[in-house]
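Novice: Below, each chain spelled out in residue letters.
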Amino acid sequence: MVQIFHNVNIDWLGNRRGFIAISIVLMLAGLASAVIRQATGHQPFNLGVDFKGGTVVTVRFRQRPTDEGIRAALTAKAIKDAIVQPVTDKTDTVLIKLPLEEAEGSQTQAQVDVGRAQVRSALNSFGPEAKPGVDLQADPTAAYKIEGTDSVGAVAGAQLRNKAVAVTLAALVGILVYIAFRFEWTYGAAAVIAVFHDVLVTLGFFSIFQWEVSLTVIAALLTLVGFSVNDTIVVFDRIRENRRLHRQDSLYKITNDAINQTLSRTVITSGLVFLSVLAMVLFGGEVLRGFSLALLVGIIFGTYSSVAIASPIMVWWEQRIEAANRAAALAYNRPIKSGVQSAIKTPSRPAVAPRAGKRSPGTGRA
Amino acid sequence: MKKKNLVQRTIIIAVVTLLGLYFVIGPRRKPTLRDFTWSGIKATLASNIHLGLDLKGGSHLVMRVKVEEYLKHLAEANAVAADTAAKAASFEIKQARAETGGGNYAVVLEVGDPSKINDVRQAVEKKVELGDTSMWSFSSNGNRMQWSLTAAAQRTLADNATQQALNIIEGRINALGVTEPTLQTHGAQSSHQILLQMPGVQDPERIKLLLKGESRLELVHVVSPPSPAPTQTYTSEEEAKASLGGTIPANRRVLPYGERIERTTDASKGSADKPKRWVVVEAPAVIDGSQLRNATAVPTRAGSTQDYEINFALKKDGADKFGAWTGSHINEYMGVVLNDEVKSIAFIKSQIFDSGMIEGNYTKQSAEDLALILRSGALPAPIEYLEERTVGPSLGQDSIRAGVRASLVGLALVVLFMLFYYRGSGINAVVALILNMILMMAGLIVFGATLTLPGIAGIILTIGMAVDSNVLIFERIREELRTGKTIPSAVDQGFGRAFITIIDTHVTTIISSLFLFVFGTGPIRGFAVTLVIGLLVNLFSAVYVSRTIFMWELSRKEKVESLSI
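Chains A and B supply the protein sequences, listed in that same order.
Going by the working numbering, the first residue of the first sequence is number 1, and it counts up by one from there.
Going by the working numbering, the first residue of the second sequence is number 1, and it counts up by one from there.
Honestly, the hints are just simulated from the structure, not real lab data.
Treat each hint with caution, since some may be false.
To be verified - Away from chain A, derived, C-beta distances all over 12 Å, residues of chain B:
#1 ARG9
#2 THR10
#3 MET63
#4 ARG97
#5 ALA229
#6 TRP325
#7 SER366
#8 ARG401
#9 MET418
#10 ASN470
#11 GLY484
#12 LYS485
#13 ASP492
#14 LEU516
Unchecked claim - Footprint (simulated), chain B over chain A, 3 or more residues, beta carbon under 8 Å:
#15 145 to 159
#16 233 to 246
As the list claims (entries may be wrong) - With a Cα cut of at most 20 Å, we get these calculated SDA-like pairs of lysine to any residue:
#17 A:LYS163 / B:ALA188
#18 A:LYS131 / B:ARG277
#19 A:LYS90 / B:ARG401
#20 A:LYS97 / A:VAL155
#21 B:LYS485 / A:VAL155
#22 A:LYS90 / B:LEU33
#23 A:LYS131 / B:SER394
#24 B:LYS72 / B:GLY142
#25 A:LYS80 / A:ARG62
#26 A:LYS163 / B:LYS364
#27 B:LYS72 / B:GLY103
#28 A:LYS253 / B:GLU479
#29 B:LYS116 / B:GLN146
#30 A:LYS163 / B:LEU195
#31 A:LYS90 / B:GLY443
#32 B:LYS364 / B:ARG301
All figures in this text were calculated on a predicted structure; none of them were measured in a lab.
Yeah, the Cβ is synthetic: ideal placement off N, Cα and C, and Gly gets one too.
Given these sequences and hints, build the entire structure.
Specialist: Here it is, written out as structure tokens:
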């Protein structure tokens, strides 16, 4: 039997300060990147046309001119600020990106109408375009062919942006509600905090490396939310089960055990998903690049956060609730003299009767 | 008992698998021998699955109906009508105008005598729709009377205008013969957006111009001394205004007269040649575009292939009205106005009933396009394009190839790992995985869902999720075995315990996918669809099927001593 882990016994919660410090550093790095870029007049994120508006024209050439040559042809037709971006896996193809002109109202909209025509008039200096419905290879006189256009106006860009944020938040709330219903609300909150962390760290990577944020990246973030919550739930599920089986154990021990017991599953699954996503990065082509990169980063941190973030937060929170409950119960049962202080010092027996299957109190760090 | 259970399970699985296979590769006609060859299977698979525009190639357009323009025109028309009605009842009206802006649309009349306000109101509301209190709310202040369009009426009218625009665009699309277009409202109802998808259309430029082409055709009375005096025209807009005393009253309009100027349906290029002259015409028009019955492009001279004009014919009502009006205006000048530009002016030789023509140096195509636009009816308001995405077929082919390659590589890696790590039980996982793929395809086909490029990414992720279920179960079985349980009970416990977790993980992912599906747009929806279908299928394949295989293995021997896991 091949086995990655044998009876692991790692004190995950004992290292929680270190884990949380790492996460905070990562999040701060992303934040710093965004803030510094913003302050120095750059884009905090490299937003794609989906969110920023503008036009992307995909052109395939028979004899690909140099990037400078293409830029010169565009400038000759008064197209300013165009970005010529080679496509990594197809040498004869380039993406020509026209930013949305900084103008108000209808003028920006007009660009959706004319972007393609503008680019075409500029490219005609290299020779004629292949006729509609005819492949570039099949038309010997043609020099290039426009393979695709994405043109998004300012209104649609803002709309897509708002919608993306709204959908992500709504999905998080939905997950919170479900976990609260299945477990406890502290579990749900911890899971959502962990997922939030994953999204922020991943977005931080996008800011630091200036990878393009497109509509599909949002889909990737949501997938990552699903995966990260998945991992967290597997651990939480095990905690719930262990609490029922080992009532005398502390929540601290139970949680550590649960993480260790599910560790080989966590590593195998994450590893396999990582491999399939890697296949997407390597073979999925240019269009899926942003999507697969977001997932690649997200899988790593999603796995990390369910072990290193979600569980410590949940344990910390539950312990506080226990302490508060015990204090309240003792304050209620005893004369005022003994006071709250002594109540906290009496951790051996829980004062609240455990409800079957539901919250059975742990006794803090053993 | 157990045996019977196993037989029952096997039958269910066999039936589902065969059904799935039929949906995926079964031809929807009498099968031929070719359907059983590899290329035949590929061909039927391609025709069964509905591919999105990003894979198949085509154009995706989002447009918005500028309903605010529609409401503005409505207020302006009512201002003219109110002015005319009040003056007809011989009240003194100092000024009539439409006040629009900031989301408000109001008709304002300033009367000479504030004490007559109620009488003016009665006279106006008797003849004009302003009396409809469900739409217009009246208020007055001093000598100022105001009818404001209520918010509810604005909404209703704007929604109607969008619907009307949708119908007209549909007419134009059909007239153009675009194959299998999808046309529907897009986004929130209050956004007044329309989505048009045209598979196979690689260059939507002409279609875009045609759809947005406005065709407000009007026949107007030109303010001019009658023939034989020449038409009264002005060299500038200011001069024309000056002839009216500096301000344009509500019942007059000053329009450019673009005599025989090259003009295509391309509105953005239209102003290349500046119209040379201006004319004053009466408002409202004698006849407007709603009275149009037909329009056709014809050569200006017989046999000409370059020079075209458009003949139009009026409906019965319009023709009667036109006939009566031309009959009483012999020798006066009439103008044909298209989109606020006078295309031609002619004096009325004799009574005309139902036909006319638009001249303007049209080419064959531009005349035919304009005739098509006129026939399909006028858009209630201009439209603007918010989003255009076009994918050429070869780009789509590349995406399919890349997506399939990535899926196969991912699948191969997963299969190899499972067989290596879990040995015999790995076969269970692989069988479950392959069944999952087949059933997911079948699900896509049965629900008529569209496969997009992000949808392929959803498939790859489903592979990950599917294998996760197996890993959860197998790890759990191993754990139970380590605690010294017998093999059958370890398998039993493993499935039972892992099942709870699997349900929880699946439901959370389905929740987030549902949000994507309901609120997401185009490609993202495609992603959510494959993921949700894949996860639902997975509950069957990874749990039910995999367990049945274990049961079958265990039932083969009386006493099970080893399990390859």
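Novice: Against each hint, give a clear statement of whether it holds in the structure.
Specialist: Do the hints match the structure? See the list:
1. Distance check for ARG9 of chain B against chain A: the nearest CB is about 26 Å away, which clears 12 Å, and the non-interface claim stands.
2. Distance check for THR10 of chain B against chain A: the nearest CB is about 28 Å away, which clears 12 Å, and the non-interface claim stands.
3. Consistency note on MET63 of chain B: stated as away from chain A, yet its beta-carbon is not over 12 Å from all of that chain's, at 9 Å minimum.
4. Under the 12 Å C-beta cut-off, the non-interface status given to ARG97 of chain B relative to chain A holds; the minimum distance is some 24 Å.
5. Distance check for ALA229 of chain B against chain A: the nearest CB is about 41 Å away, which clears 12 Å, and the non-interface claim stands.
6. The beta carbon of TRP325 of chain B is kept farther than 12 Å from every beta carbon of chain A, the shortest such distance being approximately 37 Å.
7. Listed as outside the interface, SER366 of chain B is consistent with that label: its C-beta sits roughly 17 Å from the nearest C-beta of chain A, beyond the 12 Å cut-off.
8. Not every beta carbon of chain A lies more than 12 Å from that of ARG401 of chain B, the smallest distance being close to 8 Å; the non-interface claim is violated.
9. Its beta-carbon lying about 8 Å from the closest one in chain A, MET418 of chain B breaks the requirement of being farther than 12 Å from that chain.
10. Interface exclusion of ASN470 of chain B from chain A breaks down, the closest Cβ pair being 9 Å apart, not more than 12 Å.
11. For GLY484 of chain B, the non-interface assignment is confirmed: its Cβ lies about 15 Å from the closest Cβ of chain A, beyond the 12 Å cut-off.
12. Once the 12 Å rule is applied to beta carbons, LYS485 of chain B is consistent with being away from chain A; the minimum gap is 15 Å.
13. Residue placement check: ASP492 of chain B keeps its beta carbon more than 12 Å from all beta carbons of chain A (closest about 16 Å).
14. Remark: the non-interface label on LEU516 of chain B conflicts with the geometry, its nearest Cβ contact in chain A lying 6 Å away (cut-off 12 Å).
15. Remark: the segment 145 to 159 of chain A is confirmed as covered by chain B, as 12 of its residues place a Cβ nearer than 8 Å to a Cβ of that chain, reaching the required three.
16. By the rule of at least three residues with a Cβ nearer than 8 Å to a Cβ of chain B, the coverage given for the segment 233 to 246 of chain A holds, with 5 such residues.
17. Proposed proximity of LYS163 of chain A and ALA188 of chain B is supported: the alpha carbons are some 11 Å apart, at most 20 Å.
18. Of the pairs offered as hints, the one joining LYS131 of chain A and ARG277 of chain B is violated, with about 40 Å between alpha carbons and a cut-off of 20 Å exceeded.
19. For the proposed pair LYS90 of chain A and ARG401 of chain B, the alpha carbon gap of about 13 Å is at most 20 Å, so the pair holds.
20. Among the hinted pairs, LYS97 of chain A with VAL155 of chain A is consistent with the structure: their alpha-carbon atoms are about 18 Å apart, no more than 20 Å.
21. Between the alpha carbons of LYS485 of chain B and VAL155 of chain A the distance comes to roughly 63 Å, so the proposed pair goes past 20 Å and is violated.
22. Proposed proximity of LYS90 of chain A and LEU33 of chain B is contradicted: the alpha carbons are some 39 Å apart, above 20 Å.
23. Restraint check for LYS131 of chain A and SER394 of chain B: satisfied, since their Cα atoms lie roughly 14 Å apart, inside the 20 Å limit.
24. With a CA separation close to 25 Å, the supplied pair LYS72 of chain B and GLY142 of chain B exceeds the 20 Å bound.
25. The hinted pair formed by LYS80 of chain A and ARG62 of chain A fails the criterion: a straight-line CA distance of about 25 Å is larger than 20 Å.
26. Of the supplied pair hints, the one linking LYS163 of chain A and LYS364 of chain B is violated, its CA atoms being roughly 45 Å apart against a limit of 20 Å.
27. Restraint check for LYS72 of chain B and GLY103 of chain B: the C-alpha separation of about 10 Å stays at or below 20 Å, so the hint holds.
28. This hinted pair checks out: LYS253 of chain A and GLU479 of chain B have alpha carbons roughly 19 Å apart, not beyond 20 Å.
29. Between the alpha carbons of LYS116 of chain B and GLN146 of chain B the distance comes to roughly 14 Å, so the proposed pair stays at or under 20 Å and holds.
30. Of the supplied pair hints, the one linking LYS163 of chain A and LEU195 of chain B holds, its CA atoms being roughly 17 Å apart against a limit of 20 Å.
31. Between LYS90 of chain A and GLY443 of chain B the alpha-carbon distance is near 34 Å, which puts this suggested pair outside the 20 Å criterion.
32. Between LYS364 of chain B and ARG301 of chain B the alpha-carbon distance is near 12 Å, which keeps this suggested pair within the 20 Å criterion.
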